[in-house]
Amino acid sequence: MRAFLFPGQGSQSVGMGKALADASPAAKALFQEVDDALSQHLFRIMVEGPDSDLTLTENAQPAIMANAIATLRVMQKEGGFSISDKGDYVAGHSLGEYSALCAVEAFDIATTARLLKLRGQAMQAAVPVGEGAMAALLGADIEKAQALADAAAQGEVCTVANDNDPSQVVISGHRSAIERAVALVKDHGIKRGVLLPVSAPFHCPLMQPAAEAMQEALAKAAINAPLLPVYANVLAAPIADPEEIKARLVEQVTGRVRWRESVAAMWDAGVTEFVEIGGKVLGPMVKRIAPDATVRSIVTMDDIEAALATF
Numbered sequence: 184m185r186a187f188l189f190p191g192q193g194s195q196s197v198g199m200g201k202a203l204a205d206a207s208p209a210a211k212a213l214f215q216e217v218d219d220a221l222s223q224h225l226f227r228i229m230v231e232g233p234d235s236d237l238t239l240t241e242n243a244q245p246a247i248m249a250n251a252i253a254t255l256r257v258m259q260k261e262g263g264f265s266i267s268d269k270g271d272y273v274a275g276h277s278l279g280e281y282s283a284l285c286a287v288e289a290f291d292i293a294t295t296a297r298l299l300k301l302r303g304q305a306m307q308a309a310v311p312v313g314e315g316a317m318a319a320l321l322g323a324d325i326e327k328a329q330a331l332a333d334a335a336a337q338g339e340v341c342t343v344a345n346d347n348d349p350s351q352v353v354i355s356g357h358r359s360a361i362e363r364a365v366a367l368v369k370d371h372g373i374k375r376g377v378l379l380p381v382s383a384p385f386h387c388p389l390m391q392p393a394a395e396a397m398q399e400a401l402a403k404a405a406i407n408a409p410l411l412p413v414y415a416n417v418l419a420a421p422i423a424d425p426e427e428i429k430a431r432l433v434e435q436v437t438g439r440v441r442w443r444e445s446v447a448a449m450w451d452a453g454v455t456e457f458v459e460i461g462g463k464v465l466g467p468m469v470k471r472i473a474p475d476a477t478v479r480s481i482v483t484m485d486d487i488e489a490a491l492a493t494f
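184 is the number of the first residue of the sequence shown in the working numbering; add one for each residue after it.
What you were told as hints is all true, and nothing was included just to trick you.
Taking lysine-lysine and the PhoX-like style, the derived pairs with C-alpha atoms no more than 25 Å apart in a straight line are:
no.: 1; residue 1: 269; residue 2: 463
no.: 2; residue 1: 470; residue 2: 269
no.: 3; residue 1: 201; residue 2: 211
no.: 4; residue 1: 260; residue 2: 201
no.: 5; residue 1: 260; residue 2: 211
no.: 6; residue 1: 463; residue 2: 201
no.: 7; residue 1: 211; residue 2: 463
no.: 8; residue 1: 374; residue 2: 470
no.: 9; residue 1: 429; residue 2: 403
no.: 10; residue 1: 369; residue 2: 327
no.: 11; residue 1: 260; residue 2: 463
no.: 12; residue 1: 374; residue 2: 327
no.: 13; residue 1: 470; residue 2: 327
None of these hints come from the bench; they were simulated from the model.
Let the hints inform the model, and build the full structure from the sequences given.
Here is the structure:
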């Protein structure tokens, strides 16, 4: 069995998508579709930067999605690829869940782009700059990370945001609590704590205003039944009902990204091959969760041609 995966924030880089657009009319058309949906020259920012503009959450989120879906579009238009024929499940890391849903036609490309633009804006607006923070805990499992978060909270928000793999957990919350946690890592048997260069504390209760904004937007959004089940971040389980998909996307704004559990659940369900589309971030995590899995990343035209030859 095979699952297709879609990367999350942090996988963006200036120049992304340029080689695809230069090589493929299908990719170029996809990027134009996203620009039109957003009434913005997002593709120009993706190609030319500056990095500070691309890294803005409201730009990074739709840009990462556009890059992944453009990669998929090239496979479909030029290689006759069908995700429903070649896959059993899809999943995405945080915003990547929207890319996954777009890939299996639950949302169309314009709807996905607009939802992610709003999601980025709402997440940024939920907490004043400087009041929140996130930190990666290296050499931490979920139990150690939870104990550390509990010890550092001291009445503030400090919670596990991303359970990425057996050796990396991300915490999120009030800046002072996150800084306390980083100072306490050694006491909890954790190798290192690294503050992340993010503009807001994602996937924690401080994001509640953003969750409310997404609930309103998703209630109005047109959604179809997905071609394949999607492993929801907040459940680490597959769902396919359109209304449940919307509800879980709302929960995801404040809820934990249960990536380690999702990959483990897919492996237990019989998935042996994991294919990351549009990035090379999730593959290494998958190998740490399911060492015997086959992992492939599809980013370049060469990757696309190699993949199409073997699927």
